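A.B. asks: Note that the protein sequences, when read in sequence, are chains B and S.
Counted from 1, the first sequence has number 101 at position 101 by full-length UniProt numbering; the numbering is strictly sequential.
Counted from 1, the second sequence has number 150 at position 150 by full-length UniProt numbering; the numbering is strictly sequential.
Don't read these hints as lab results, they were simulated from the structure.
Quantities reported herein were computed from a predicted structural model and do not represent experimental measurements.
Just so you know, not all the hints are guaranteed correct.
Stated by the list, open to error - Incomplete in silico selection of chain S near chain B, CB under 8 Å:
{"no.": "1", "residue": "13"}
{"no.": "2", "residue": "57"}
{"no.": "3", "residue": "79"}
{"no.": "4", "residue": "93"}
To be verified - Some, not all, of what chain S presents toward chain B, calculated at C-beta under 10 Å:
{"no.": "5", "residue": "11"}
{"no.": "6", "residue": "28"}
{"no.": "7", "residue": "53"}
{"no.": "8", "residue": "56"}
{"no.": "9", "residue": "87"}
{"no.": "10", "residue": "156"}
Said to hold, decoys possible - Where chain S lies over chain B, by a calculated footprint (3+ residues, C-beta under 8 Å):
{"no.": "11", "region": "8 to 18"}
{"no.": "12", "region": "42 to 53"}
{"no.": "13", "region": "86 to 99"}
Every residue gets a Cβ at the ideal spot worked out from N, C-alpha and C, and that includes glycine.
There are 2 protein chains.
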Amino acid sequence: MQRKDYYAGNDKMYVATDCIVFGYSTDCLQLLIFPRKVEPHKGEWSLIGSFVKEDEHVRDAAERVLKEITGLDKVFFEQLKTYGDVDRDPGARCISVAQYALIRLGETDRKLVEGHGAYWYKLEDLPSLVLDHDELVRDALNELRRKARYQPIGFELLPEKFTLPQLINLYEVIYQKKLDPRNFRKKILSLKVLTKLDEKDKSTSKKGAYLYKFNREKYHQLLESGYHFEL
Amino acid sequence: MQRKDYYAGNDKMYVATDCIVFGYSTDCLQLLIFPRKVEPHKGEWSLIGSFVKEDEHVRDAAERVLKEITGLDKVFFEQLKTYGDVDRDPGARCISVAQYALIRLGETDRKLVEGHGAYWYKLEDLPSLVLDHDELVRDALNELRRKARYQPIGFELLPEKFTLPQLINLYEVIYQKKLDPRNFRKKILSLKVLTKLDEKDKSTSKKGAYLYKFNREKYHQLLESGYHFEL
DNA sequence: ACAAAAGTGTTGGCTGTACACCCATGC
DNA sequence: GCATGGGTGTACAGCCAACACTTTTGT
């Protein structure tokens, strides 16, 4: 189904969407990258991404890529910004709508990821990436830090059930500094968006730590009542 | 100069950039709109915008449009986000990179603006706009409010020299609520990013209000020293 | 019984907020 | 001299940051 083109005569260009995919596991943030499959720069490390198709929402293109590479269906992701430099891609004029995604590392089908030649790299020993992708990663990391401060997006990086020590560790990794566990607990619990479960996770200590769940409902109530966070 | 196209076979599309242009004058925020010049929906109210050219940075395209319509060269603007819905534009598949701009209303060459058939509308009596532009305006307004809280972008909307009562009024207009002038002064002056001048503006009172200038240098020092705002 | 991680409370300082009066000037 | 908007200070409350010990349990 071809619709009428009212804009003939103006320039068209390729539109890509690239995903900065963060994963978390104890003590470090990781990033999903893979060797680029097309020329130019074929084989060099790249973010995962794809061209957006004529009949495809930009967001859907990102979703498609994420599903393809991670096997996951409901990955959390948000638009970062659009990179529109004329020369950003030597392959052709191509703008890229960058998206950053947050993934619970445990759930990921590592086989599938590796089947696509993708790999998780610790942020601190990330190789340099193709095109302007290093810049996208820098920007995404800033955005993640900024955003984590006033929206509990950190939960997207943790499994459904998690312990407070895990949550603290996650925030320590994101902010790159030690947090005081007493103050952190007080603050996060005072928001009343966590539900304490009756189970303990004993994998990291003899005593065991209580598991919690993030309560999206209460979180949305809180937001709608005009509350302004600050972690 | 045509460069090699490595990506032939993938879809190309139109890329537009649309600007949400805010202006401020006492007691109200205004928005710059104009009657759309091309079919479809020719003649209906639209944000100002343009297609991005093959050899043009997306940001440059926005700059071009802003200059064309306002006559101003160094308008403050930032990317908002990209709208990528397949059906957002009935004229053809076209994604739009939205930018929001802030303008000192006094400086604008109103003749030039009107020569291009553009008009300033008060936000509260804005007509409904073409395509998804109502949504862009909503999003831009949210972003403006969010951003004004922790970055002094408000200054972009005021003339070079301004009084504190003016600044307070601006923030009242942005946040849509009354602020306490004592507390506002205390807070803003404690940031030490304003330079008090030896002149007074007597246009609004017999006593006259001292004029201030925004000190970009000190502001950047403050930022680099890792300070986190909150107005 | 001891090692290792989980969990818990108090205090002091700072920051935000609420609130009411005097000041300078043009008419 | 009075009306108009501009400018100033204080007191209270709530929040954040700093800080050290007890609890649980597997070995």
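A.B. asks: Would the stated hint for residue 93 of chain S survive a check requiring a Cβ distance to chain B of less than 8 Å?
C.D. replies: holds (6 Å)
A.B. asks: Return the status of the interface hint for residue 79 of chain S: holds when the least beta-carbon distance to chain B is below 8 Å, violated otherwise.
C.D. replies: holds (5 Å)
A.B. asks: Min Cβ distance, residue 13 of chain S to chain B: is it shorter than 8 Å?
C.D. replies: Since chain B brings a Cβ to about 6 Å from residue 13 of chain S, closer than 8 Å, the hint holds.
A.B. asks: Can you tell me if the region 86 to 99 of chain B counts as covered by chain S, using C-beta to C-beta distances under 8 Å and a minimum of three residues?
C.D. replies: Satisfied; 8 residues make the cut.
A.B. asks: Min Cβ distance, residue 28 of chain S to chain B: is it shorter than 10 Å?
C.D. replies: violated (23 Å)
A.B. asks: Please verify that hint: residue 11 of chain S, Cβ, nearest Cβ of chain B, below 10 Å or not.
C.D. replies: Holds - the Cβ of residue 11 of chain S comes within 10 Å of chain B, reaching about 4 Å at its closest.
A.B. asks: Could you check if residue 53 of chain S really has its C-beta closer than 10 Å to a C-beta on chain B?
C.D. replies: holds (5 Å)
A.B. asks: Given residue 156 of chain S as an interface hint, is the shortest Cβ-Cβ distance to chain B below 10 Å?
C.D. replies: Check failed: Cβ of residue 156 of chain S comes no nearer than 19 Å to chain B, outside 10 Å.
A.B. asks: So, residue 87 of chain S near chain B? Judge it on the closest CB pair being under 10 Å.
C.D. replies: Status holds, d = 9 Å.
A.B. asks: Would you check chain S against the region 8 to 18 of chain B, counting CB to CB pairs closer than 8 Å, and say if three or more residues qualify?
C.D. replies: holds (count 6)
A.B. asks: How about the region 42 to 53 of chain B: do at least three of its residues have a C-beta closer than 8 Å to a C-beta of chain S?
C.D. replies: holds (count 3)
A.B. asks: Once the shortest beta carbon distance from residue 56 of chain S to chain B is found, is it less than 10 Å?
C.D. replies: Since chain B brings a Cβ to about 7 Å from residue 56 of chain S, closer than 10 Å, the hint holds.
Violated hints, in rising order: 6, 10; the structure is consistent with all others.
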